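Visitor: Place chain U on chain C using the hints.
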Amino acid sequence: MSSVAQGTRKGVGAPNRAVSMRIVLGAFLVVYLIVLPSYFAESPYILRVITTASVLSFISLGVWLTFTIGRINIGQGAFALIGGYATAILSTKFGMSFWVCLPLSGLIAGLIGIIFGLGILRLKGVYFAMITLSLTEAVRLGFLSGGDFTGGAPGISNIPLPDELGLFGITLIPDFGKVDTHIAFYYLGAVLLILGVAVIWRISSSRLGWIFKSLQQDEELSRSVGINVARYRVMAYAICCFYGGIGGAFFTVSQQSIYPSVFGVLDSLFFILYCFLGGLAFVFGPIVGAFLLFILFELLHELQQYQQLIYSLIMISIMLWLPNGLLSLRLPAASWRSRNIRD
Amino acid sequence: MALLTVENLEKQFGGLIAVNDVSFAVETGEIFTIIGPNGAGKSTLFKLITSFTRPTSGRVIFEGEDITGLPAHVVARKGVVRTFQETTIFKEMTVVENVIVAHHLRSRASSLGFFVNSPLARRDEQEFRESANSIIEILGLETVRNEQARNLPHGYLRELGIAIAMAAEPKALLLDEPFSGMNPEETDRVVDMVRGIRDRGITILLVEHDMRAVMRISDRILVLNFGSMVALGTPSEIQTDEAVIEAYLGREDDELGI
Chain C
527 MSSVAQGTRK GVGAPNRAVS MRIVLGAFLV VYLIVLPSYF AESPYILRVI TTASVLSFIS
587 LGVWLTFTIG RINIGQGAFA LIGGYATAIL STKFGMSFWV CLPLSGLIAG LIGIIFGLGI
647 LRLKGVYFAM ITLSLTEAVR LGFLSGGDFT GGAPGISNIP LPDELGLFGI TLIPDFGKVD
707 THIAFYYLGA VLLILGVAVI WRISSSRLGW IFKSLQQDEE LSRSVGINVA RYRVMAYAIC
767 CFYGGIGGAF FTVSQQSIYP SVFGVLDSLF FILYCFLGGL AFVFGPIVGA FLLFILFELL
827 HELQQYQQLI YSLIMISIML WLPNGLLSLR LPAASWRSRN IRD
Chain U
114 MALLTVENLE KQFGGLIAVN DVSFAVETGE IFTIIGPNGA GKSTLFKLIT SFTRPTSGRV
174 IFEGEDITGL PAHVVARKGV VRTFQETTIF KEMTVVENVI VAHHLRSRAS SLGFFVNSPL
234 ARRDEQEFRE SANSIIEILG LETVRNEQAR NLPHGYLREL GIAIAMAAEP KALLLDEPFS
294 GMNPEETDRV VDMVRGIRDR GITILLVEHD MRAVMRISDR ILVLNFGSMV ALGTPSEIQT
354 DEAVIEAYLG REDDELGI
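These protein sequence lines map, in sequence, to chains C and U.
The working numbering numbers the first residue of the first sequence as 527 and each following residue consecutively.
The working numbering numbers the first residue of the second sequence as 114 and each following residue consecutively.
Calculated from the structure, these hints are not laboratory results.
Check each hint, because a few of them may be wrong.
What the hints assert, rightly or not - Below, a list of computed lysine-lysine pairs in the DSS-like style, where the Cα atoms sit at most 27 Å apart:
1. U:K160 to U:K191
2. C:K650 to U:K204
3. C:K739 to U:K191
4. U:K284 to U:K160
5. U:K204 to C:K739
6. U:K284 to U:K191
7. C:K704 to C:K619
8. C:K739 to C:K650
9. C:K650 to U:K160
10. U:K160 to C:K739
11. U:K204 to U:K160
Values in this document were obtained by computation on a predicted structure and should not be read as measured data.
Isolated chain C, as found in the complex (with noise of 0.2 Å):
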């Protein structure tokens, strides 16, 4: 799980674990890069069923780094509405390429979160919350007033789809209009998700990912032992805020269009709730709880008017009955076994 795990605690069965997890990894990459896109290649409507709920379980990654400083983060809509802006205004008004856009609105949403996050990181609990929840939707009125630079409420539509990314003559992406377009959004959000997993695992099982999880546990401790709170708060919120960026941007591309009410509250509150649901102690909850619960959720369209009530009926029996997230499921041992030394 972790550096300081690995040199603590040396079960006799952690290899075997280990080449076990790397299958389980191997074939669910092979699923979803193979077998889904050509299973499904005649159906884009699947297709984009798939792809939105990467790139949703992208955008909620980062907030689930930001539970991980112990801060409920109900802002993450705000800063996909920023990144989806940042594209949107910087490939239509300025003519910029989609590749360039793309990290632009990444750095663009990082840095914003940097400098409200000076601010706001301040705050705990509800308040941290109750402020992010304010955040989304003062962003959200900003973009409605923003007059012809923003487009007002009908927001800014003819937005290119991602042109050819070459180097020295070599086609590294094709043009996404001369392509199969679900395919290609379908891959793009695909390599989003897998960088964005990988990277956030990275940092959570990394000495940061402890520095991370001992401000979740007592900011004034480490304080007291030298631990710069306020730049490490900063830091997780800032990386959480570019993956929501990123995560705009990709949406914009991929409508070609964008408005105000494109990411609102709901939308904040259910990439919190993927994370709370996949399951918070897991780097995969997000994935697993947005996959789920969207997919769920598409299914469920055929139940019409009881769509709503049939899916919050479902989320509130997970969180019932699973407390811990849904991967919580796959682990009885361990839930045994520190059930055994609380009592």
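Guide: Only chain U this time, still in chain C's reference frame:
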């Protein structure tokens, strides 16, 4: 030259004066204790020295350098490290993880270095593990080293708190009520432990209520009452000081252990 000098320190909360014109100097290698009735301003004084709150006026000088009002983590970096009352630990980590995390000040690798697991970061990790093991051994926590901190028996919590502080390599260690809630045997063990830390060259400041332990362990004692200094001297001087007996000790002779 004194290691730590406090000059005319004052802290007001609204109209209330919590610490009023306190001055003293702590020499290297000393065990210096601050006592006083509840609400005398002992804990506030600790917070002022370690920069967890800013003084209204006055200065704190450490190794000849004015550290007043610096951020708390910078003060820790300079070597002034505190422990907390009660059970302030990283509850959701094991004992050894608690101590490893607390080695922050010794890390030479950058955040990016830790992210990419650079050779320097790996060397840091290795060193922290070794150092954590030796701290755990010195403080007698080996038997619980892989225990989740929140499951620890009460007696070990304060030792873990001290182990966390030791990981930051303090020059001056400020212990906030290290003996409170302990039975005489546990107190004896921690008294020995504190002496052991001092013998390793670390200057100790204590806030404590347990008079028996204070009189045994301290080189000098500062008595506070209502935020002001009542007396400053060796244990035997304090025990016979008229003002101290008047203000504080006289009422409860048995607390003194005389």
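Visitor: So, against the hints stated earlier in the document, which numbers end up violated here?
Guide: none
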